[in-house]
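Chains as they are written, first to last, in my numbering: chain A, 1 to 369; chain B, 1 to 289; chain C, 1 to 356.
Honestly, I wouldn't trust all of these hints.
Unchecked claim - Quick list of simulated restraints, FRET-style, between CB atoms:
| # | chain 1 | residue 1 | chain 2 | residue 2 | range |
| --- | --- | --- | --- | --- | --- |
| 1 | C | Pro209 | B | Leu268 | 53 to 63 Å |
| 2 | B | Ala62 | C | Ala184 | 17 to 27 Å |
| 3 | C | Pro209 | B | Tyr123 | 22 to 32 Å |
| 4 | A | Arg76 | B | Glu132 | 54 to 64 Å |
| 5 | B | Ala109 | C | Asp151 | 46 to 56 Å |
If you are wondering where the hints come from, they were derived from the structure by calculation, not from laboratory data.
Cβ coordinates follow ideal geometry from the N, Cα and C atoms, glycine included.
The residues making up each chain are set out below.
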Amino acid sequence: MGSIIQLDRLRKTFPGGVTAVDDVSLEIEEGEYVTLLGPSGCGKTTVLRMVAGFESPNNGSIRLAGEDVTELPPYRRQVNMVFQDYALFPHMSVSQNVGYGLRIAGVPKSEIADQVRKALDLVELTSKADRRPNELSGGERQRVALSRAIIRQPKVLLLDEPLSALDANLRENMRVELRHLHQRLGLTFVMVTHDQTEALVMSDRVVVMEQGRVAQIGTPSDLYDHPASTYVASFIGVSNVLTGHVVKSHGEEITINYGAEHMTAVRNGHAYSDGDPVCMTIRPEKASLLANPKSAGKKANLLKGTVREVLFQGSIARASIDLASGDTFIVDLFLPNTSAQSDLPQHGSAVTVAVEPHNVNTFAAEGGS
Amino acid sequence: MKLQTRKRIATLGVLSPPVLWALIFLFIPYLIMFTYSFYLKKFPTFEPAFQFGNYAQLVTDAQYYQVLFRTAKISIMVGLFSVLLGYPFAYFLVFKIKSDRVRAMLYMAVIVPLWVSYLLRAYTWKTILGSEGILNSFLVWSGILDAPTDIFLYNQFSMVVTLTYIYVPFIVMPAYASLEKIPRSLIEASKDLGVRPLRTFWSITLPLSSPGIAAGMTIAFCLTFGDFIAPALVGGPNGFMIANVLTSQFGAALNWPLGAALSIVTLLIVLTIISLSDTLQRSGKLELE
Amino acid sequence: MSSRVRKFLKSTMAVTAASCIFASSAWSAGQVNLLTWEGYADDSFIKQFEKDSGCDVSATYVGSNDDFAPKLAGGGGVYDMISPSIDTTKIMIEAGFVEAVDLSKVARFNEVYEKFRTAEGINHDGKVYGVPFSWGSIPFMYRTDKISEADAPTSLKVLWDPKYKGKISLWDDKSSIYVAARVAGNQNIFELNDAELEAAKQKLIEQKPLVRKYWSTAGELVDLFAGGEVWISNTWGGYQSNLLAEKNIPVKEFIPEEGAEGWMDSWMIVKGTANTECVYKFINMAISEHGQCGMSNYNGYSSSNPVAAKKCMSAEQFTKLHQDDPDYLDSLLLWVNLGARLEHYTNIWNAVKAAN
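Can you make the complete structure from the sequences, with help from the hints?
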């Protein structure tokens, strides 16, 4: 498997002077499901539109299956897009919409009919082939848009916020369906979304974008467990962010001075010098509360604090702890079936937070000390 | 029961001004005209009667359908040329102009002439197209012509030119509105599916803006159909249109019954065109919802 | 009602009331509303009349004799006086649009040419319904700088000469039928039978490709000549040629071999006029030296009152306008009322314009 898309130092500045995409480089493997994730205005959609050919970059190049397509118009690129609003042609039936590209390309009628049926079969819409788009539900329209985009078997399928117009229930179903479709077709999917859950659930790899730049690229678990910046850490899930200084590196472990305490973390590929300012991120579910500090693991980091509040959330309860350092630390408490709600720590009680070193993710603090 | 009565009165109250308006200004005048169309011409004026002689005359005397045919021909040409000029302009405004300010300015430039007197605008064309007019002066000055030609003015050509100029704004406005309503993503989707810009225009943009074209063309057609000023100002000996016949019947000929019959026929033609166009527009509108 | 609204209504009513008072005061000072030809209410002589009489004159213009009836049929109360030609006066009387003239109030009526005074068109049931004002011919006119002396036209046939294709015009009036009939050799132009009308129609249709435009107002013909669009046309003798001369456009009138139509216009009083006093002041002015020479000087038409004309015209002008030449008047084909045949003439003319 080679790379199907190569973006090299893409830059796009709009006439108003806004730089939407700033020096983005990215390689996507054939058959991958890659998601561009970020808040609105981060440039993710512009990247997608440049790949489709609707915008041309001011700088940089786009290669598609090895061919430089930077200057090619959209109708010459073997990519297809599922638009956020689906962009179904209102004056055509479902089957006419799906067969549109083939019809204009001059494919024989019988063959079009055949392919349209297959494409609609794939999304289970054969029965609605003769309907007009305005007679379909949101989910059905979405599936028409999908089948129209895949009928010509593009090298890459682009999806622009494909689920944003659907209601919550349907959205969850479609996440799974899209994932299955991806596996069945074996095509490369590039999706844009602002929904982190969507990105984590569906993608092989996620590209987190921030203000036109790539903040981090990685598998969902990479990003979750080892965010490379506070931005990524806070954008994906919930993280406790603590800052300190490196006191000592020894092998795979580093010791960090945090407030009045020393904490141990796993280096995880980073190289630090003594005295470097460092950020630690700790997921709430990877810490625990101990009534008795002695019961902690040998290497666990222990932080003392008092309970400020505990929020019951069903399968878990989320506790906010005021640490001695002044920071607030969030811990998710799992509630096994035996546990009663009365077992939860009470407001104001003194507790100890325990975190295993391999659950402390570190990266160099931005801006230095 | 009581509530229902009250509701009915309220409905009547809301409806009655427009109903009354339509009754007084539309229905009753049409009814009067319809009545007149059965009257009998009797020198020097006419007298009440119920007979179909006026309608019979419209059918048997060639001059009436000759003029109707000519009027229809000119109206269709004006509608067509207005679209050919106005639609590309609207397209250009919507899709090619990037600056909102420039777009608004150009749009106004088309609309502003509507505030200028119709007569003045028609007169302008006389000074452009005349034998010693601007166009001829230019052609002679530039050496394209040896002597001024009289083919520009006082014929159906000059009528079509003048009327087209006058009615182009009526195309630009609805065409602009319908083009603006087309989501850009539809055009991108077409290109995305491998379709070149020109085919995209024919398959997507044009069909989706057809309600606007139909609306504009209908306005241009109907206004031309009832025009009697352009024939008088820039029309030649073959410029006589149906509205001129009407003026003549209600005027010089003092034959109101015949004029009324001809008005009814004209009205029916125009109403048919309008309802046809309305059907087309409605089917188009549904699609963009 | 809020006080602001009430205030607004009050002031609006005050303005309305004031303007009503103003309007009625103007009414009482006297006015006369004319439905007439261009040139019959020209400031050159009407201004003085307004000053002397205290009557305000306002005028609406017609382009053809056929315009009088429809304007009056549309409802009264607008016009006090009309000035139709002798072929139309009878229709006005029969349709009941006009009332008889009280001759006791028109002191100099007997100075008017007897032929006009006693004309059948203005006499009805022993009463006189019109006061003759002016007369003239419908000659032809051509541009002498475009048509050379050697080619000087003398016959109506020139109007069918392809040499002048696109440079010919005709009055948009049933008068065109008179022209076509004369070319076909029919001098009984007011009594054409259906076959003769049909022949005239064919003749006019045949001419259409040569015609630049049918003119419908005096001003339009002047523009057509001045703009070089038209070289030859029929005209209201003396009127348009004068206006063109003022613009330094060289034109010459001529009476064709086939003869020319003649016309005579009379002032008539619209039935039920509220401005009787000013109406009679106007009539008396019209046939006085002031009105007769005022009209002749501006329009170039001949006067109906030779006594007045003699006093106010130079001998040269008196002769030029044929004021002392009754034979000239007899040589013209003086328009007559077509009666019920009018409709046929009008329809034939419409059919010509409708033809392709």
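Here is how each hint holds up against the structure:
1. Pro209/C <-> Leu268/B: 53 to 63 Å: For Leu268/B against Pro209/C, whose Cβ atoms are near 33 Å apart, the range 53 to 63 Å is violated.
2. Ala62/B <-> Ala184/C: 17 to 27 Å: Because 21 Å falls inside the window, the suggested range holds.
3. Pro209/C <-> Tyr123/B: 22 to 32 Å: holds, 26 Å
4. Arg76/A <-> Glu132/B: 54 to 64 Å: holds, 55 Å
5. Ala109/B <-> Asp151/C: 46 to 56 Å: Because 50 Å falls inside the window, the suggested range holds.
Of the numbered hints stated above, the single one contradicted by the structure is hint 1.
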